Amino acid sequence: MLLTISTTHRPATDLGFLLHKHPDRVQEFSQSFGTATVFYPEASDERCTAALLLEVDPVRLARRSGKGKHGKGTPDFSLGQYVNDRSYAASSLFGVALADVFSTARSGRCVARPELADTAIPLELAIPALPCRGGVPIARRLFEPLGWTVAAEPVPLDAGFPEWGDSRYLDLTLTGTVRLADALSQLHVLLPVLDESKHYWQGPDEVDKLLRSGAGWLAEHPDRELVVRRYLGRRGRLVGVALERLAEVDDVLEPAGAETEPADVEEVRVPLNTRRHEAVLALLAEIRPRSVIDLGCGPGRLVERLLATEGIARVAGCDVSARSLQGAARRLHVDRMTERQQERLTLFQSALTYDDPRLAGYDVAVLMEVIEHVDPPRLDALERVVLGSARPGVLVVTTPNREYNVRYEGLRGMRHPDHRFEWDRAELRAWAERVGAAYGYTVELRGVGDDDPEVGTPTQMAILTRTSTDGASR
Amino acid sequence: MTTLNLPELGLVVLVGVSGSGKSTFAREHFKATEVVSSDFCRGLVADDENDQDATPDAFDVLHYIAGTRLRRGLLTVVDATNVQQSAREELVRLARSHDVLVDAIVLDVPESLAVERNRGRADRDFGDHVVKRQARDLRRSLGRLRKEGFRRVHVLRGVDEIAAATVVREPSWNDRRTLTGPFDLIGDVHGCASELRTLLTELGWELEHDGAQVVGARHPEGRQAVFVGDLVDRGPDTPGVLRLVMGMVEAGTALCVAGNHEAKLVRALKGANVKVAHGLAESLAQLEAEPEDFRARALAFMDGLISHYVLDDGRLVVAHAGLKEAYHGRSSGRVRAFALYGDTTGETDELGLPVRYPWADEYRGRAMVVYGHTPVPRAEWVNNTICLDTGVVFGGELTALRYPEREVVAVEAEQQWYEPVRPLAPASPDADREPSVLRLDDVTGTRWIDSPHAGKVKIPEENAAAALEVMSRFAVDPRWLVYLPPTMSPAATSRREGCLEHPEQAFDEYAGWGVERVVCEEKHMGSRAIAVVARDAAVAERRFGVADGTTGTVYTRTGRPFFAGDRAGALVDRLREAVAPLFASLDTDWLALDCELLPWSAKAGALIRDQYASVGAAAGAALPAAEAALARAADRGLDVAALAARTATRTRNAAAFRAAYASYCRPSEGLDGVTVAPFQVLAAEGRALAVTEPHSWHLAELGRLDHPLITPTRHRYVDLGSPADRAAATQWWEELTASGGEGMVVKPADAIDAVDARGRRVQPGLKVRGREYLRIVYGPDYTEALDVLRDRSLGKKRQLALREHGLGLDALTGFVAGAPLWQVHAAVFAVLALESEPVDPRL
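Those protein sequences? They're chains A and B, same order as listed.
Letter by letter, the first sequence follows residues 1 to 474 in the numbering used here.
Letter by letter, the second sequence follows residues 475 to 1317 in the numbering used here.
Hints in this document: simulated from the structure, not taken from any laboratory.
Hints may be right or wrong, so weigh each one.
[As the list claims (entries may be wrong)] With a Cα cut of at most 25 Å, we get these calculated SDA-like pairs of lysine to any residue:
(1) 932(B) - 356(A)
(2) 798(B) - 272(A)
(3) 505(B) - 627(B)
(4) 932(B) - 627(B)
(5) 932(B) - 349(A)
(6) 798(B) - 358(A)
Remember, it's a predicted structure, so these values are computed and weren't measured experimentally.
Same shape as in the complex, but just chain A (with noise of 0.2 Å):
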């Protein structure tokens, strides 16, 4: 909600004349969603300050958007949406005030003083609460390279609980030799970068405005793609409305469906997704079912993938997330789908801890990267469900080999947040063993990926083959 600007260029006042705000008055300027204000806490030849305060009413705000999105009188149901830093945190909404108040100078148009507009004058900007998802190094990467001198320190969570930690939040000051135009449209662009959560919709011309904000001083940027890719960033997060507000009377933070990875270890498992599909596909083609069920199908990849292997006349994919289903008939273009291809292909929602007779009938079922996302205790229903009742003629099982794990930098703990157990080979191989003695299934096991002498493969993979056709032995 605060910003300062301050040079020493001489006569400093001329700040003034460059921010079109006069440094005697105090200038209010109204706002969609607050009131920004300009004045001067200092302005002598020396030394010039401008500060930039804004001031937001999240209740006003919050029943406003409430009204206008969800319907008349049914709030967002984001807690956030009350509760939140956007009075006080120099966010992207603060970015927008700024853009707006001070709009000539950032275009560096000057009447009174068209030199000094274009040139590079000794600037301070401070600002004392910086949203900064990645703290102090992202702030230097991205400002360093633009000429700044960084200094910022993380302000911390809460001083009566020093083990709580630092805050998402830095006290920045940024010193250098910057034209003044170029330093508004700096901020306005990383202000949302950094912060990551942009406020309003974006639309299609959002392209437009980081280009012309951009201009001069983006393109050279070494970490430009980040800048862009935060900046454009992470829409399209359409979270279920209903499931938010499951997890919110439930003081959990995540919306309960969220499938996020945490970002040091997606890196590394982008290819390993890619090479556990492979990996299925190549033992699907040894066994050349007529039909195949991704139990947890997700948003549909492999299902995508099964339609188009040659000799699967039926494809099923089921999730327990509706919204993945959602997700999956829009990748695969379900609404398209020539009715011979709809013929083929069932998508359903289904949980493996509930007893469903359509999970039945195929020669081949995949669990894949689920059964580590189930509660130990709940596993033996889902092996009653799969194996007792659906019994497929095979049954595929991945999941993480938890020894690969030390060879993963920085990972702590598991791979992934809900992750409730990750296996070595010995308890996956127990697990396939028992399970599949009481239901009368063969095991196989196999590795995916990179096969380390020490660790195995990051992936391990059981084959369970069934070895009657009768029902289940229990």
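Chain A is already provided as a structure; the job is to place chain B on it using the hints.
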């Protein structure tokens, strides 16, 4: 005058040429909705009742409507000519496929009259030849109608007979819904007369003698016995059993359904060539020794046995081998076969015994089904069904079930009378247990729940879908999940200066609803927790069916476990120790408790840090800097006074906000520092205490706990008629909230399920939250925006609160009464589904 006796549930096929008066007849004797006419269906699919091209489609529709009505158990009359055998054949097949009786009513009028009538109708443009052809078909049909599968064919000849006919609907033989018991249901006797006499005596029956013979029995309390069949064969005294049971049935003190052994004995006695095995020889020999008239009487008795009865207004069904819900009250060959032999697949196992499908595992019906037929070691409930054949003739027990008490009474066999084909399995711990796997269709899709405590509740499909994800990904084993807590509404919004909520609204509302005394309970700022604790692993297995050694669980309001692994077990162990006095005073070996788990930070730590502390940190960094900048500007003589004042207020509010959340955070490492504040004893063995006891009782019981794990719930009672009481309670609330308390919950103190003057259930509780606590909910500066915030609507929240409360009580009463797991789970699941309804989360 002709009286037509028609089945109360069944299909009635009208037969007659066009113009014979079928529609008029139907209108006179049946409700308009009971009659489906081919003309009407032709109109539906073709916009023209006479369009003969549409006839095949019209009959598809007719069969669909008729079939749907029959499935739903409604009498249906088909108004079509039905003069051709093929048309009638399809209708007979339709009736059979729904296991109902089918009668035909033939309206036989002179051909000339029919022709005359058709000529007079403008909408009938077909020629006389059509009627003539129909009349020919009808004449050909009349002779063979009776062989086409109709139960009865009623023929009305001539206009006068048709006009004078009356219709009587008769219930089917198996329909004894008017008998309401109480009943003593008795398992397979198999000729064990002595054990039967012992059991009846044990049940309080008085035996009636004729000389040395026992010829009847009567219960002094007027109870009625119901035998599940298989009175005969294998045992030592089949005639003795028959004599006693026949006497009881004839005197009206007993009912008896047919068993497969009676059916076979009847065939043998009638001289059919049957294989003499499975103890039939014993019966034949024993009956041979009886006088001829006894044999004749026994044969008539057994031959007349009905295969199943529907009793007590449809709440109880008795059949020898059980009966699936779709067959209750129906009549057909396959219904009888199911009732006598079970859901056989046609296969035989390695011992040559028929393979039976475990229909009871899938049973979801409302009626209790009591049966025998398959010897089991112990009578056990499976989805509201129970098998009473405990193999007395094989040396097991003769078992009875008292209804409606659901009490099982058994006497041991005096000896093994007959060698079992299959050894009676010892009670295996696994076999009888409720399966932990529930069916998806028990919970998904749009559901209408007829809740005893909440009325009719609709669960929309999308809510069920959301709940399914949460339930299956995060919740504890459904066998532990006997309850989920309801949401609670705040008291009506206060207009008092600086306040959004205040006790006086809660008091006024309850007084307005006719409640005289309320209790104000301190609202602990922690996490809602439901604790289910068994005395030991054996109790967990017996009562909850959980056999993995765990002895209880503590879960959140969406059913998630509070702690993982060893910590979960440790918390349950400590809690068991802490609530030990309740185990004793309530004489129970398990307990379900409604609690708050403290501190809030134990579970919500991540939320507090990421959401609340984060906001506090940003405020703490930005506001002092802003104040400093404004001070310097003021020093320069700029007019920033108003802005500075607003900023100072925000600084104060932010500090208050920080203090509010911080006061609910205590360092807790693992279980150290965690306490539990129970405020209601939800249930114990045999008692759904949340339904039967008022809050004053709960608080008194829980007040006796004294253990470091337990945080007591401070409370006080308020006589709503006493201004002094109200003032004192308000004062108490102010002190509580001033010192960091969240607030209080106001509930009726003495009334259970209180209703207002118009008979509507009142809110089970109202929360009144403190001014500072609400900063966490509405934001640090909410006190500056009360004018906006007071515009809040509580209606939907309160509707949900009532429904969720009722569904929770359904789950508890169901669990306590031994209802099948799927029923308890459906209620619990419905609570979770309703929780996903969009309501303002700040309420």
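Against the structure, the hints:
1. 932(B) - 356(A): holds, 23 Å
2. 798(B) - 272(A): Given that 25 Å is the threshold and the Cα spacing comes to 50 Å, the pair is violated.
3. 505(B) - 627(B): holds, 21 Å
4. 932(B) - 627(B): violated, 45 Å
5. 932(B) - 349(A): OK: residue 932(B) and residue 349(A) at ~20 Å, within 25 Å.
6. 798(B) - 358(A): Holds, at about 22 Å.
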